[in-house]
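There are 2 protein chains.
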Amino acid sequence: MTDFAELNPPQRLLLGPGPSPVHPQVQRAMAAPSLGHLDPELLRLLSETSELLRYAFQTKNELTLAVSGTGMAGMECVLGNLIEPGDRLVVGVAGFFGARLAELAERMGARVRRVECEWGRDLGFDPLAAAIKEETPKAVAIVHAETSTGVLQPMDEIGELVHRYDSLLIVDCVTSLGGAPVTIDAWDADAAFSGSQKCLGCPSGLAPVTVSERFRNAVKKRTTPVHSFYLDLELLCRYWLGDHLYHHTISAPLVYALHEGLRLVKEEGLVDRWARHRSNAELLWNGLERLGLELHVPRVRRVPSLTTVRVPDGVDEAAVRVKLRDDYGIEIGAGLGPLKGKIWRIGLMGHGSQPANVALLLAALGQILGRD
Amino acid sequence: MTDFAELNPPQRLLLGPGPSPVHPQVQRAMAAPSLGHLDPELLRLLSETSELLRYAFQTKNELTLAVSGTGMAGMECVLGNLIEPGDRLVVGVAGFFGARLAELAERMGARVRRVECEWGRDLGFDPLAAAIKEETPKAVAIVHAETSTGVLQPMDEIGELVHRYDSLLIVDCVTSLGGAPVTIDAWDADAAFSGSQKCLGCPSGLAPVTVSERFRNAVKKRTTPVHSFYLDLELLCRYWLGDHLYHHTISAPLVYALHEGLRLVKEEGLVDRWARHRSNAELLWNGLERLGLELHVPRVRRVPSLTTVRVPDGVDEAAVRVKLRDDYGIEIGAGLGPLKGKIWRIGLMGHGSQPANVALLLAALGQILGRD
Numbered sequence: 001m002t003d004f005a006e007l008n009p010p011q012r013l014l015l016g017p018g019p020s021p022v023h024p025q026v027q028r029a030m031a032a033p034s035l036g037h038l039d040p041e042l043l044r045l046l047s048e049t050s051e052l053l054r055y056a057f058q059t060k061n062e063l064t065l066a067v068s069g070t071g072m073a074g075m076e077c078v079l080g081n082l083i084e085p086g087d088r089l090v091v092g093v094a095g096f097f098g099a100r101l102a103e104l105a106e107r108m109g110a111r112v113r114r115v116e117c118e119w120g121r122d123l124g125f126d127p128l129a130a131a132i133k134e135e136t137p138k139a140v141a142i143v144h145a146e147t148s149t150g151v152l153q154p155m156d157e158i159g160e161l162v163h164r165y166d167s168l169l170i171v172d173c174v175t176s177l178g179g180a181p182v183t184i185d186a187w188d189a190d191a192a193f194s195g196s197q198k199c200l201g202c203p204s205g206l207a208p209v210t211v212s213e214r215f216r217n218a219v220k221k222r223t224t225p226v227h228s229f230y231l232d233l234e235l236l237c238r239y240w241l242g243d244h245l246y247h248h249t250i251s252a253p254l255v256y257a258l259h260e261g262l263r264l265v266k267e268e269g270l271v272d273r274w275a276r277h278r279s280n281a282e283l284l285w286n287g288l289e290r291l292g293l294e295l296h297v298p299r300v301r302r303v304p305s306l307t308t309v310r311v312p313d314g315v316d317e318a319a320v321r322v323k324l325r326d327d328y329g330i331e332i333g334a335g336l337g338p339l340k341g342k343i344w345r346i347g348l349m350g351h352g353s354q355p356a357n358v359a360l361l362l363a364a365l366g367q368i369l370g371r372d
Numbered sequence: 001m002t003d004f005a006e007l008n009p010p011q012r013l014l015l016g017p018g019p020s021p022v023h024p025q026v027q028r029a030m031a032a033p034s035l036g037h038l039d040p041e042l043l044r045l046l047s048e049t050s051e052l053l054r055y056a057f058q059t060k061n062e063l064t065l066a067v068s069g070t071g072m073a074g075m076e077c078v079l080g081n082l083i084e085p086g087d088r089l090v091v092g093v094a095g096f097f098g099a100r101l102a103e104l105a106e107r108m109g110a111r112v113r114r115v116e117c118e119w120g121r122d123l124g125f126d127p128l129a130a131a132i133k134e135e136t137p138k139a140v141a142i143v144h145a146e147t148s149t150g151v152l153q154p155m156d157e158i159g160e161l162v163h164r165y166d167s168l169l170i171v172d173c174v175t176s177l178g179g180a181p182v183t184i185d186a187w188d189a190d191a192a193f194s195g196s197q198k199c200l201g202c203p204s205g206l207a208p209v210t211v212s213e214r215f216r217n218a219v220k221k222r223t224t225p226v227h228s229f230y231l232d233l234e235l236l237c238r239y240w241l242g243d244h245l246y247h248h249t250i251s252a253p254l255v256y257a258l259h260e261g262l263r264l265v266k267e268e269g270l271v272d273r274w275a276r277h278r279s280n281a282e283l284l285w286n287g288l289e290r291l292g293l294e295l296h297v298p299r300v301r302r303v304p305s306l307t308t309v310r311v312p313d314g315v316d317e318a319a320v321r322v323k324l325r326d327d328y329g330i331e332i333g334a335g336l337g338p339l340k341g342k343i344w345r346i347g348l349m350g351h352g353s354q355p356a357n358v359a360l361l362l363a364a365l366g367q368i369l370g371r372d
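From first to last, the protein sequence lines are chains A and B. Residues 1 to 372 in the numbering used here are what the first sequence spells out, letter by letter. Residues 1 to 372 in the numbering used here are what the second sequence spells out, letter by letter.
Heads up, a few of these hints could be off.
Any copy will do: because identical chains look the same in the list, a pair fits if it lies in one copy or spans two.
Quick list of in silico lysine to aspartate or glutamate cross-link-like pairs, DMTMM-like style, CA-CA up to 25 Å [said to hold, decoys possible]:
id : residue 1 : residue 2
1  : Lys342    : Asp326
2  : Lys340    : Asp39
3  : Lys342    : Asp39
4  : Lys220    : Glu84
5  : Lys60     : Glu6
6  : Lys340    : Asp243
7  : Lys266    : Glu6
8  : Lys221    : Glu106
9  : Lys221    : Glu84
The set of hints was computed from the structure by calculation and includes no laboratory data.
Generate coordinates for the entire structure from the input sequences, incorporating the hints supplied.
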């Protein structure tokens with residue numbers, strides 16, 4: 001059997017597609033004494049976390065909380081509470097995570113119409129509108145910031161379009177929440193989910209979720225129970241915000257982390273935080289171009305927290321990532337699906353969005369590529 | 001809006017039904033630098049964690065890992081990977097968590113036959129055998145240590161019984177793993193799940209799961225996909241132990257915690273650890289009896305990590321718990337379901353199983369009840 005040593009993980013600067021660097025104050029918060037999941041003090045923190053999440057999501061939705069899992073659990077939660085076998089869904093597939101939305105919905109028995117586009121573009125209003133008109137689906141699910149391509153989907157008028165057909169709008173905000181303008185009520189979105197390990201500066205493990213009254217009413221009209229007990233939103237809402245009936249043993253250190261991460265979002269202010277992500281992204285974009293590298297997405301559509309760069313011809317993309325990791329202690333991400341081997345993915349998320357990180361990464365990349 | 005202060009949770013000695021006190025070395029491990037979910041060093045830790053879990057479960061099952069959620073996610077994972085709508089299940093309901101197993105299975109569309117008994121007794125072999133013979137179910141699910149009653153279910157011959165009818169044996173080991181003899185292969189069990197926050201001395205957030213080849217073969221024979229992507233065991237196995245294909249962003253601090261918690265289990269040795277839980281439980285049992293309190297379960301059936309004590313006539317059970325919490329900083333648990341108001345639940349789990357904790361709790365209880 002292995003001789004298990006006490007763990008001693010290396011220091012890494014996490015500039016990939018997430019997780020992002022944990023904010024030092026979040027790290028400190030996690031070390032606070034653990035509380036039971038029914039302790040009045042923990043329940044108070046849940047209530048505050050819910051209020052802080054409403055601010056981060058820019059929503060008045062009562063049912064705003066975090067499910068005990070990663071962003072993928074958030075996605076599964078939103079889809080699973082709504083979908084019954086046979087339901088029709090329109091899903092925007094502009095990359096890997098749009099494809100995941102479609103796959104999850106199909107596992108749940110939904111009939112899915114995919115609206116597709118090239119990986120590196122946004123969905124476009126007209127193809128979405130045409131599909132929705134044809135399908136009159138129960139819901140339309142799209143990704144706001146597609147982490148696989150670095151494209152930010154414009155949200156203008158999509159809510160109005162969806163509701164014209166009595167459908168519900170579901171938005172994946174995993175990579176945008178806290179790093180780019182997410183405005184659930186202004187979008188008129190009915191459900192959104194995110195992760196804690198991207199622009200909120202926390203470790204992964206809790207997935208923020210918010211749903212509208214319209215969404216809750218649609219769930220009430222189900223003829224079958226929600227398949228998942230663990231992710232049943234009304235039970236979770238009762239535990240978080242109602243009479244606190246025991247549901248599951250929420251992880252105190254993860255609650256502390258999310259509470260502190262969101263408190264820091266509030267302290268910085270969303271507008272300033274979005275601007276910081278934007279200005280550091282521009283520093284990065286300009287620097288990459290000065291290195292002679294080509295960005296995968298037109299500037300007007302770029303996600304500020306996640307930049308995709310094309311791998312130059314003749315360069316071994318994996319070797320560059322390994323060198324960055326082993327010689328410089330920096331993690332960046334590889335491409336997924338059709339973009340595998342073709343792009344790198346660079347995240348400047350949450351506490352990771354800092355000019356010093358941009359400077360170090362550009363310098364390291366320059367050295368490795370011999371372009372300094 | 002609330003004026004959100006930096007958090008400062010009170011110190012609590014967690015002697016309830018879980019979470020249990022986090023071991024100081026686990027706490028320290030969580031503060032180690034975060035790694036990405038595809039970092040080779042993190043993947044090495046997952047492989048070691050799997051090996052350590054095999055030791056803790058006493059199994060050779062290849063598919064042994066932890067799902068990214070609490071013990072409830074572990075329960076949902078095991079049931080959800082197996083059950084297709086219409087499947088017949090026999091579920092032992094000797095308390096709240098047996099009832100949960102049945103509820104979850106029914107949500108998934110299973111036809112559930114409940115084998116029930118009084119809350120405070122074990123299921124008994126004959127009623128189980130009769131139900132299995134009658135139903136010839138796809139699987140039989142029982143709780144090893146019923147956290148709501150404090151009863152340890154004898155496991156002798158149940159595996160043989162279940163397999164005689166070509167059925168699969170699923171065991172809930174949430175409160176027993178690491179605190180009482182759990183021997184998956186010797187039991188001939190096909191699936192088991194647990195939580196990190198009980199006798200493993202970690203915070204909650206990861207749920208150990210192990211399944212046999214027989215179980216995996218049954219899953220392969222499904223005619224519908226597993227409903228949950230997030231809890232799909234074959235995908236999780238591929239990420240943890242195969243080619244590490246991206247599945248979800250596992251939480252590095254929770255992995256560090258579980259790895260360290262399990263390393264400490266290995267260091268102490270399972271037999272010594274079981275003996276420690278047993279001897280501290282006996283200290284508690286004897287002390288409670290000296291205080292004139294009545295235990296809810298006959299000694300031979302007691303869970304060493306979770307003791308149920310009857311609330312004496314005329315005593316306000318909630319007031320005692322609040323006084324323990326507010327004046328002594330000690331958390332114990334209330335009764336659930338039919339035992340609400342009738343019992344207290346005292347956990348001596350993982351790092352919490354210490355003579356000093358027993359001494360303090362007995363002294364505090366004696367003072368509060370005026371029996372010192």
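Status of the hints after comparison with the structure:
no.	hint	verdict
1	Lys342 with Asp326	within (21 Å within a copy, 59 Å between copies)
2	Lys340 with Asp39	between (47 Å within a copy, 17 Å between copies)
3	Lys342 with Asp39	between (50 Å within a copy, 20 Å between copies)
4	Lys220 with Glu84	both (12 Å within a copy, 24 Å between copies)
5	Lys60 with Glu6	between (46 Å within a copy, 24 Å between copies)
6	Lys340 with Asp243	between (48 Å within a copy, 16 Å between copies)
7	Lys266 with Glu6	between (37 Å within a copy, 12 Å between copies)
8	Lys221 with Glu106	both (20 Å within a copy, 19 Å between copies)
9	Lys221 with Glu84	both (10 Å within a copy, 23 Å between copies)
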